[in-house]
Amino acid sequence: MVDIDGYITINTEEDGTYLTVFPPKGKGKKVDHDSVIKEIKKLNLKEVDMDAIERAVKESTGQPVLIVKEKIAIKDGQIFVNITPDEMFAQVTIVPPQGGGKDITEEDVYNTLKNHNVVFGIKKDVISKLVKKGLEAKNDPTILLEPIEDIIAEGQNVQNGEDAKLEMLFDTTAQKEEEKEATEAAPEEQLADDKIDYRNVKSIQNVKKGTPLAKKVPPTNGVNGMTVTGKVIKAKPGNDVKFIIGKGVEPASDNPELYVAANDGQVIFKNNKLEVLSIYEINGDVDMSIGNIDFVGSVIIHGSVGEFKIKAGEDVLIDGVADGTEIIAGGKVIVKGGIVGKKARVIAQDDVTTKYIRNAYVETEKSIIVNEAAMHSTLIAGQKIIVMGAKGLIVGGTIAAAFEVSAKEIGSKLATYTEISIGETPKMREEMQKATAELKNIEEQLDKTKKGIIFLKDLSTKMGGNLPPDKRDLMAKLTRTQFKLMTEQKKWEEIKNKLEAKAKEMQTTKRGKVNCLGMVYTGVKIIINKVQRTISDELKYSTFVEKNGEVQVIPYSG
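Just so we're on the same page, the numbering used here is the position in the sequence shown counted from 1, plus 1.
One should not assume that every hint holds.
Said to hold, decoys possible - Here are the simulated DSBU-like cross-link-like pairs (lysine-lysine), alpha carbons at most 35 Å apart as the crow flies:
#, residue 1, residue 2
1, 385, 312
2, 210, 485
3, 70, 59
4, 59, 30
5, 47, 30
6, 526, 497
7, 505, 333
8, 72, 42
9, 43, 133
10, 548, 392
11, 76, 43
12, 492, 209
13, 209, 312
14, 452, 491
By construction, these hints were calculated from the structure, which means they are not laboratory data.
Use the sequences and the hints to build the structure in full.
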């Protein structure tokens, strides 16, 4: 059995008003006496028989009981409209009819809204729902006839225009947040034992000249709003804003609203200022909070560096010591302290200048200049190695330069093995071998490509110039490959020619030499243009040159 609560009906007959109380079904609730009194009071009836009401509720027979000889007043349904002060909302209240009065229709609601000047944002679905709900209440005696209300119309909010803004075309969140981002390092930045390598946390956003950085988004006019009474709310247009464009940033030549990098460097957007810095400067030591540095411009460090990597497209300047530091520079390297440690490795395209070098590897296309001493290190220079400062000492290790090595003292009284080499450097030999290998590979590929083209041309002649589509495609592909290989061949020939010219210059000019203003000790080996000499007796104030197939000693001529 379905559980149904008890309910009442109140009806008017010729002789008065009757109350019918229906009993519940199943586990439904009985009609409450107080709720019945509440409903009867709404009808504004006088001299109601309270005893009859109490008896009808108590017995709940489902039979009509006369409670008053007065008829219920007949009232049509009513509609009330309330509009908020800002005229953005309209609420409707529908009072159901009473005593058989006229029902409210959708048309009645629309007419009432019109009379109240509600013309915009009307919710038709809400009107249908309210009218339907009123009819359901009238036809279902279990529904008490109470006023029904809801928001019937809603205005459109004004959308004021947005001010002009800069839309960044690079990741502004990439600027590092100390070690927090290190804990989110990518797997490839983690060590084998699952410890994170904090040195690899990247903090610099490099850009090349011409890279789009930001574009100006013009202000918008906004969208007008409207009240439910049809009044237009004017939108305020956005303001045009002048942005702070710092150094290293310029408008694109073909679009003044687009800003690009004026030079290579680090892009920074801070305090609403956009700029590209060609110098990355650190005021202090490089530690875990800085990490490894990879920058397209120059790097200046006002402090020392430990076992970190510094890669710069241009110069590197370190005020302190580089201890176990790996430095790769597209320009010169200056380390005012010294370069030390077996892990220390410096590779530069221009001069390397430092106070001292100990247990390190230094290589440059140009010259190495050391003030005090080069000890137990490997130094390779495409031009000269000069150790002529306060001490001017070279002891231990391998020292190789294309044209000249000069020092105040070479070797030690302990006969420490020290090798000084002038002429073709290991780097030059490596580059020559690479160029030769590349040219050989290109020549082999060119030969195969040319043979393929000749074969297809012969085939085309035999077929009267009508090659099948797949053969025509192959011919085009081989022709493109031939052009590409010839370009590569020219590039490597130029590299090889430069290397050969440099080697020839060293051989013909015979200007390679080793200068020592002070002592050259036993245990020192000097190699000039592949000719060797091991020092067996200490020498002073000497210059070593290659002549007649041997390394000869002449008075100091540095």
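Self-check item: Those earlier numbered hints the structure runs against, lowest number first
Solution: Hints that this structure does not satisfy do not exist here, as all of them hold.
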